[in-house]
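Enquirer: All chains should be built: construct the whole structure from the sequences, respecting the hints.
Each protein sequence line maps, in turn, to chains A and B. Per my numbering: the first sequence = residues 3 to 330. Per my numbering: the second sequence = residues 68 to 179.
The set of hints was computed from the structure by calculation and includes no laboratory data. Fair warning: this is a prediction, and the values are worked out from it, not measured in the lab. Don't take every hint at face value.
[Unchecked claim] Derived DSS-like pairs (lysine-lysine); straight-line CA-CA distance at most 30 Å:
#1 A:30 / B:144
#2 B:86 / A:30
#3 A:152 / B:86
#4 A:64 / A:152
#5 B:81 / A:152
#6 A:30 / B:81
Residues per chain, in single letters:
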Amino acid sequence: MSIFDLPAVREDPEQVEAFLARIDRGEKIEADDWMPMDYRLQLVKLIAMHGISEIMGAFPEKEWVPRAPTLRRRLSLMAKVQDEMGHGQLLLRVAEDLIRPFGKTREDILNDLYAGRLKFHNVFHMPAPTWADAALIGWLVDGAAIITQKMLVQGSYAPYVRALRRIIMEERFHAFHGEDMSQALGDGTPEQRKMLQEALNRWWDALLMFFGPPEEEQMPSNQLKNLRYRIRTKTNEELRQEFLSKYVPQIWALGLTVPDETLRFDEATGRWVYRHPDYSYLRNVIGRNRGPRSEARLHLRRSAFEHNRWVREALLARQAVQKEAAIV
Amino acid sequence: MEKDYEIYEVFSQKEPTGKYESQFSLLAPSPEIALAMAQENFLRREDPPANLFVVNRRHIHFISPEARVALRRMDNKAYRMPGYYGRVLKKWHELKARRGIGDRLLKVEEDG
Ligand SMILES: [Fe+2]
Ligand SMILES: [Fe+2]
Numbered sequence: 003m004s005i006f007d008l009p010a011v012r013e014d015p016e017q018v019e020a021f022l023a024r025i026d027r028g029e030k031i032e033a034d035d036w037m038p039m040d041y042r043l044q045l046v047k048l049i050a051m052h053g054i055s056e057i058m059g060a061f062p063e064k065e066w067v068p069r070a071p072t073l074r075r076r077l078s079l080m081a082k083v084q085d086e087m088g089h090g091q092l093l094l095r096v097a098e099d100l101i102r103p104f105g106k107t108r109e110d111i112l113n114d115l116y117a118g119r120l121k122f123h124n125v126f127h128m129p130a131p132t133w134a135d136a137a138l139i140g141w142l143v144d145g146a147a148i149i150t151q152k153m154l155v156q157g158s159y160a161p162y163v164r165a166l167r168r169i170i171m172e173e174r175f176h177a178f179h180g181e182d183m184s185q186a187l188g189d190g191t192p193e194q195r196k197m198l199q200e201a202l203n204r205w206w207d208a209l210l211m212f213f214g215p216p217e218e219e220q221m222p223s224n225q226l227k228n229l230r231y232r233i234r235t236k237t238n239e240e241l242r243q244e245f246l247s248k249y250v251p252q253i254w255a256l257g258l259t260v261p262d263e264t265l266r267f268d269e270a271t272g273r274w275v276y277r278h279p280d281y282s283y284l285r286n287v288i289g290r291n292r293g294p295r296s297e298a299r300l301h302l303r304r305s306a307f308e309h310n311r312w313v314r315e316a317l318l319a320r321q322a323v324q325k326e327a328a329i330v
Numbered sequence: 068m069e070k071d072y073e074i075y076e077v078f079s080q081k082e083p084t085g086k087y088e089s090q091f092s093l094l095a096p097s098p099e100i101a102l103a104m105a106q107e108n109f110l111r112r113e114d115p116p117a118n119l120f121v122v123n124r125r126h127i128h129f130i131s132p133e134a135r136v137a138l139r140r141m142d143n144k145a146y147r148m149p150g151y152y153g154r155v156l157k158k159w160h161e162l163k164a165r166r167g168i169g170d171r172l173l174k175v176e177e178d179g
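Expert: Given below as structure tokens:
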């Protein structure tokens with residue numbers, strides 16, 4: 003039972019109009035407000051993916067917790083990884099409330115992930131072979147996520163906005179944490195600097211792809227809908243430009259080189275000119291869970307889910323027994 | 068048997084005299100576990116709260132979306148606000164001066 007199979011309903015066009023008028027007035031929608039099924043579906047798609055990505059995103063970093071170079075670094079990284087799991091919990095709660103009226107639960111969300119119906123962000127399909135990768139994730143992957151989240155927090159769905167406000171507050175720690183690790187390497191020994199540069203080379207394309215393909219003359223219908231519903235307020239390309247404006251100068255300040263000799267800021271248009279990565283990789287490789295670490299991380303998630311099943315069931319059984327006792 | 072845990076809304080208080088603040092909600096199999104998770108999920112870096120409690124969402128009565136619209140109030144409640152009575156202070160000053168009553172005897176206090 004996929005979370006994306008919401009019942010087809012006939013909707014009163016006037017009610018839909020009134021809903022869109024609310025959106026246009028900048029009103030916020032609550033979980034129990036009437037909403038078109040299409041709006042609900044768009045939210046489920048976005049928020050379930052966001053939530054599950056936070057959880058899958060903890061894996062590449064968690065790999066470095068036992069191998070962190072110092073105790074201090076380990077404490078910070080562990081706190082950060084825990085935050086990401088927390089973000090996952092907040093967002094899954096928001097998604098669950100949207101699918102609950104149709105008898106669907108968290109378990110359905112996770113099953114969609116295991117079945118490949120629910121995707122997670124491209125960056126979390128990539129390997130993190132060195133400590134510099136861990137640093138770079140904290141700096142630039144979190145950086146990219148922060149830019150996206152600051153846009154999403156302007157959205158029309160109040161429960162998502164509440165979750166995002168909390169998340170953004172915690173992300174301020176993540177940003178400094180990642181910058182601190184990267185500064186230490188970027189300002190370190192030649193070997194450390196080389197390690198960070200190599201990590202940047204590995205991650206550059208994935209970072210650009212994080213925002214999704216640029217919108218050409220024809221905007222994809224998904225995108226158009228989300229803009230119409232004010233679920234998002236900026237395009238992929240606008241977000242990517244913001245990312246470049248914020249982080250390319252930081253990359254330069256660390257004495258690193260962006261692995262794209264065509265990259266430059268065009269004063270005339272006020273935009274960055276750069277080489278696009280091969281976006282078909284998103285659809286054909288990442289979208290099919292065939293990235294370098296897709297299978298391994300899904301396996302890790304699924305086995306944790308299976309190994310802990312008896313705990314969940316025992317706790318549920320205990321609750322059922324208590325409820326029965328209360329009735330008698 | 069239910070397929071999933073129940074939803075608990077989490078509330079905390081910063082100080083014993085502070086108001087109850089909603090933190091967020093979580094899924095838990097029991098109120099005890101909900102409380103333990105609440106600390107871990109929502110209060111892991113804040114200053115320790117004075118109090119913390121969870122409510123099974125089934126026990127919360129929300130106002131309906133239709134009634135919510137009626138919560139919007141018309142802008143005609145000025146007479147409930149202290150600022151509406153600003154003339155009172157001016158009047159006291161005027162009366163004091165007229166009767167020759169000194170500042171030591173009659174203090175006109177701005178905040179009532
Ligand atoms: Fe996060
Ligand atoms: Fe983060």
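Enquirer: None of the hints should be skipped; say for each whether it holds.
Expert: Hints versus structure:
For the hint linking residue 30 (chain A) to residue 144 (chain B), the alpha-carbon distance of about 25 Å falls within 30 Å, and the restraint holds. Taking the CA atoms of residue 86 (chain B) and residue 30 (chain A), the gap is near 25 Å; set against the 30 Å cutoff, the hint holds. In summary, the hint linking residue 152 (chain A) to residue 86 (chain B) is supported, as the alpha carbons are separated by about 29 Å, within the 30 Å threshold. Using a Cα cut-off of 30 Å, the hinted pair residue 64 (chain A) and residue 152 (chain A) holds, with the two alpha carbons roughly 25 Å apart.
Between residue 81 (chain B) and residue 152 (chain A) the CA atoms are separated by roughly 27 Å; this keeps the pair inside 30 Å, and the hint holds. For the suggested pair residue 30 (chain A) and residue 81 (chain B), the alpha carbons sit about 28 Å apart, so the restraint of at most 30 Å is met.
Taken one by one, the earlier hints all hold for this structure without exception.
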